[in-house]
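Participant: These are the residues of each chain, in order.
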Amino acid sequence: MESTARHELLRGVRAGIPIAVGYVPMAVAFGVLARQAGLGFFQAGAMSLFVYAGASQFASLGLLAGGASALAIVLATLVLNFRHFLMSVSLSRRLPPLSSHGPRRVFSLLGLGFGITDETFVVASLDAALTPACFAGLALTAYLAWLSGTLVGAGFSSLIPAVIARGMGVALYAMFIAILLPGVKKSWINGVVAVAGGAIAWGSSLAVPQIPSGWRIVIAILAASLIGALLGEDTEPERARGETT
Amino acid sequence: MIAGMCAVTFVPRVIPLLLGQDLVLPGWIRRWLSYFPYAALGSLIFPGILSVVEGKPWIGLLAGVVAAGLALKARNAIFPVLAAIALVVALQLLGV
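Top to bottom, those sequences are chains D and W. Note that the numbering used here gives residue 105 to position 105 of the first sequence, counting from 1, and the numbers run on in steps of one. Note that the numbering used here gives residue 31 to position 31 of the second sequence, counting from 1, and the numbers run on in steps of one.
There may be inaccurate statements among the hints.
Said to hold, decoys possible - Heads up, incomplete: computed chain D residues facing chain W, CB under 8 Å, no partners named:
hint, residue
1, 81
2, 88
3, 90
4, 118
5, 129
6, 178
7, 202
8, 226
As the list claims (entries may be wrong) - Keeping only pairs whose Cα atoms sit at most 20 Å apart, straight-line, the calculated SDA-like set for lysine to any residue is:
hint, chain 1, residue 1, chain 2, residue 2
9, W, 56, W, 91
10, D, 186, D, 231
11, D, 185, W, 91
12, D, 185, W, 94
13, D, 185, D, 129
14, D, 185, D, 126
15, D, 185, D, 227
16, D, 186, W, 70
17, W, 56, W, 30
18, W, 56, D, 163
19, W, 73, D, 183
20, D, 185, D, 231
21, W, 73, D, 14
22, W, 73, D, 187
23, W, 73, D, 17
24, W, 56, W, 94
25, D, 185, W, 76
26, W, 56, W, 92
Hints in this document: simulated from the structure, not taken from any laboratory. Note that the Cβ used here is the ideal one computed from N, Cα and C, for glycine as well.
Given the sequences, and given the hints that come with them, work out the whole structure.
Facilitator: What follows is the structure in structure tokens.
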């Protein structure tokens, strides 16, 4: 049992490496921009340590620069991150039940929940044999990459050439594509759902640009996966079963 | 401000995990949920990939196509990721 958990943790860490590659440059950029926006080294670090949400951290810098109130920034964060509520709902159905009980179980779930980001969610969801330990390794890898990148950026503002930083900005998209394709090969409906998601997000950004991007993703997820539910039969098991002992 | 941002990010992330595991949902909702990852992937890739290099949407698209081609061959996500980074850096250094 113990060695299985360790094996799963390491499997998660390995699955998290592409995410880390994508997170580090983004986090470095955040650290640099945070210092430019007037936050101190520790404030910038605290953002990544406690908030840990890329889009809203960047948005908060823009809002700070624009002189927004703390309440406005907190509300904007809520709006941007509400999509993680949907992801947490979905993940709660896929994750096998934890073996621990009582406070330990609650604490573990709090930790796993804190680790939900767009990237950890999609990688974990498309893992055919997801376990809590695997998600823990994945989430921890991503979190440490985000945190350490922020500290580097905030500590050594603008030592990283812009060309490299921008080049690494493509990393997360490449990873998304790499994890999407096997699912599409498995069932064409997955591809239809993904294309619909992209089309809805893009279409809404052109038609109503004033909607915050967080809500656009919420709308796209709800609508596009509904298309999948209408087209598809119940092929995918919602949880990996059989491995739990 | 940071504490408030932390709270509004953390709570939506953990509530479903805390409550969701014991919940029994009807089949159509389960099916709906099962497509969330693919819908999320689609909306995260597009249109964001167009803005990898500001003002040059084709660079992001090209890198995406290359990553897709490599992903069909490779078993691991890391190889397409590194190739896409190299391509974007190279295109910028070439000044295109």
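Participant: Each hint should be assessed against the structure and marked as holding or not.
Facilitator: Hint check results:
{"no.": "1", "hint": "81", "in the structure": "holds (5 Å)"}
{"no.": "2", "hint": "88", "in the structure": "holds (4 Å)"}
{"no.": "3", "hint": "90", "in the structure": "holds (4 Å)"}
{"no.": "4", "hint": "118", "in the structure": "holds (6 Å)"}
{"no.": "5", "hint": "129", "in the structure": "violated (15 Å)"}
{"no.": "6", "hint": "178", "in the structure": "holds (4 Å)"}
{"no.": "7", "hint": "202", "in the structure": "holds (4 Å)"}
{"no.": "8", "hint": "226", "in the structure": "holds (6 Å)"}
{"no.": "9", "hint": "W:56 with W:91", "in the structure": "holds (11 Å)"}
{"no.": "10", "hint": "D:186 with D:231", "in the structure": "holds (15 Å)"}
{"no.": "11", "hint": "D:185 with W:91", "in the structure": "violated (30 Å)"}
{"no.": "12", "hint": "D:185 with W:94", "in the structure": "violated (35 Å)"}
{"no.": "13", "hint": "D:185 with D:129", "in the structure": "holds (18 Å)"}
{"no.": "14", "hint": "D:185 with D:126", "in the structure": "holds (13 Å)"}
{"no.": "15", "hint": "D:185 with D:227", "in the structure": "holds (18 Å)"}
{"no.": "16", "hint": "D:186 with W:70", "in the structure": "holds (17 Å)"}
{"no.": "17", "hint": "W:56 with W:30", "in the structure": "violated (40 Å)"}
{"no.": "18", "hint": "W:56 with D:163", "in the structure": "holds (14 Å)"}
{"no.": "19", "hint": "W:73 with D:183", "in the structure": "holds (14 Å)"}
{"no.": "20", "hint": "D:185 with D:231", "in the structure": "holds (16 Å)"}
{"no.": "21", "hint": "W:73 with D:14", "in the structure": "holds (19 Å)"}
{"no.": "22", "hint": "W:73 with D:187", "in the structure": "holds (18 Å)"}
{"no.": "23", "hint": "W:73 with D:17", "in the structure": "holds (19 Å)"}
{"no.": "24", "hint": "W:56 with W:94", "in the structure": "holds (14 Å)"}
{"no.": "25", "hint": "D:185 with W:76", "in the structure": "holds (16 Å)"}
{"no.": "26", "hint": "W:56 with W:92", "in the structure": "holds (10 Å)"}
Against the hints set out earlier in the document, violations occur for numbers 5, 11, 12 and 17.
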